[in-house]
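Sequence order for the protein chains is A and B.
Letter by letter, the first sequence follows residues 1 to 377 of the working numbering.
Letter by letter, the second sequence follows residues 1001 to 1377 of the working numbering.
Here are some chain B residues pointing at chain A (derived, C-beta under 7 Å): (1) Ala1049; (2) Leu1247; (3) Ser1257; (4) Thr1261.
Partial list, derived from the structure: chain A residues whose beta carbon lies under 7 Å from chain B: (5) Asn2; (6) Phe41; (7) Thr45; (8) Gly52; (9) Tyr55; (10) Val87; (11) Gly88; (12) Met124; (13) Thr231; (14) Leu233; (15) Arg234; (16) Leu254; (17) Thr255; (18) Ser257; (19) Thr261.
None of these hints come from the bench; they were simulated from the model.
Being a predicted model, the structure only gives us computed values, none of them experimental.
Glycine included, each C-beta is placed from N, C-alpha and C at the ideal position.
There are 2 protein chains.
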Amino acid sequence: MNPSIHDIAPSVIRELNSRKRSDSIDLGLGEPILRPELAPFEAATAWVAEHGCPYSPNAGFSELRGTIARHYAYPGLEQAANVCVTVGSQEALFVAIKALLDPARDEALIVGPSYSLYPKLCRMEGVAVREVSFDPYQGFRPNAKRVLDALSDKTRVLVIASPNNPTGRIWPREELKALALGLSAREEPVTVLWDEVYRELYYGEAPPASMAEFYPRTVVVNSLSKSNALTGLRLGWLMAPAEIMPLALKVHQLTVSCASTYSQRVALEVFNHGLLGNHREHYVVGREFLLEQLDKEGLGAVAPEGGFYAMIRLKGAWAGDSTKAALALLERKNVVAIPGAAFGAEGWLRISWVAEREQLALGLGRIREFLELTPKT
Amino acid sequence: MNPSIHDIAPSVIRELNSRKRSDSIDLGLGEPILRPELAPFEAATAWVAEHGCPYSPNAGFSELRGTIARHYAYPGLEQAANVCVTVGSQEALFVAIKALLDPARDEALIVGPSYSLYPKLCRMEGVAVREVSFDPYQGFRPNAKRVLDALSDKTRVLVIASPNNPTGRIWPREELKALALGLSAREEPVTVLWDEVYRELYYGEAPPASMAEFYPRTVVVNSLSKSNALTGLRLGWLMAPAEIMPLALKVHQLTVSCASTYSQRVALEVFNHGLLGNHREHYVVGREFLLEQLDKEGLGAVAPEGGFYAMIRLKGAWAGDSTKAALALLERKNVVAIPGAAFGAEGWLRISWVAEREQLALGLGRIREFLELTPKT
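Kindly produce the complete structure, drawing on both the sequences and the hints.
Here's what the structure looks like:
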């Protein structure tokens, strides 16, 4: 048995889900409750009727790879050859961490708070990992200097998500430029693994800036899961500079051969018919409702700039043990929320606001009641 | 960069494919040319219309897991909990090798000739690997004693495919019993990684025996790719004893989250409507045609007991360099066949007989002509 895998701790999210009751208010969801458009599925089914369901090339259908590259048009990543179609962004993250790091000497630096599977992926690969986190008293606002100061001589990969899960923060353009400048000045190359899986769900004027616009050594991962309510499609991609792609493709091929042909045909329809990001308006409206409810209940929270999560501040004794708080919230108030500790943000609860409005309002009300009864330290 | 991945050699199959011309006769194919039934796709599309396309549980929908477990009913693997739905059998192989072996001390023993990605998967994971191969003069007939004699104190995983790619041989029941007996007598446990992806394509009276019938420490991998012409569906499974499953599930979750929801709905339809293996008759007929043509051309070959490949014996100078032979065959006769060296079977060519009849007949004729012009050593 592989001890690196044996030692990976089970997730607290799993523990919460196992205690969840059928009538629980679930603010722990990690996926949209919207229905995806059906037309891409009908078109993909028609394609199978005509062509069968053969393997795609390992890296994906070149038509889809080219479409993705052209859609984002990041400098240096504009060609089909810069894209590998993956089994969701999860496989893209796995491929990047596996390919980019030498377990014998390299280290990954994860910018937190963060998706809990980043450090677990590193541990599975036997790669040393450290985390640097932003100031909760500044609402976890991204800060280039803080990240640059945390780099070590061994850091070869920097993992960043923007929009961030769990904080909902987006890296400001100026901070990204400062980060790119600092990284470019370093002697040993650092690759940025840039997770923009929530990119289409933004609440400012323009789509979030991407590190790939400023820094050539960027590997981008994304998928249709969140933008188009297609989590079950398992269709994502990795975009990488030419010198990185051959290694990434070897890992991808050995791990899964290729992504689903059917899912790739669905994805082509989504891109070709301009459906990418057309769920955004739904979330813009939902976020307004969230902010109203947070205000009404007087809950301390970080207003999300992107994605569909929000961080709520714990108080008193709970602030020191968000896991205990989340378990008590479920037991006493029948509400599921994810402890900040799962993301390296002790003292907070992450709620997902994809739920139905009544459920969200009810859940936030119960969280307020729960926090009012917080034991004082 | 990860040196274990950098050092993995590119595949000779890729090299051959890059030299293939549009009018080449392709006997190198690794997938059926049949069309899959459309009804399961239509049913899955209707399911998406009703339910959307959410994540499945990490291990797959429990309905599908239970259906697969009950269908095979291998002792100790009869429960849904013994099944993890994977992204084709490739991901199942990856998960098993990753989970079962400690790179610091364990060794995998691969029973050859074999699919070339088994040793590459081990190398990617930094796991020591050895190979034991059967006697070509006995048509690569499986032999338990030969395998047992090749085990070392470090061997923790034994990788076996039956029906075999490339030889088409199936392990006889008696040999499997002898292997199970020998393995059970060992002090240190050895897990058998049993690849039965060609199980539904057999040419004897009954389906091939599975190691899982005889040996409790067996991990079975399989998929719908070959049996139902669904290579692009990326739908496979891993069946494992209860003590192995938690580790396998961690790897699976971190690598891909879960298999495609859509593909799983298609798979449920395939199982529930008895479509599994209904392509077999097509291959039974195709194999008869193959044997006639081999006989007509006077080619020395191993008659396949399962799968859709056949091994053809090289002669003279070619017998020492099947890679050179395959490249020369493509250049001189415009026929693609895979060199035995890619599978650890020097002196042979693997042909795939899924091609159209005229193509197969023409290709075999040209191979005969090619071999007649073989330079003498």
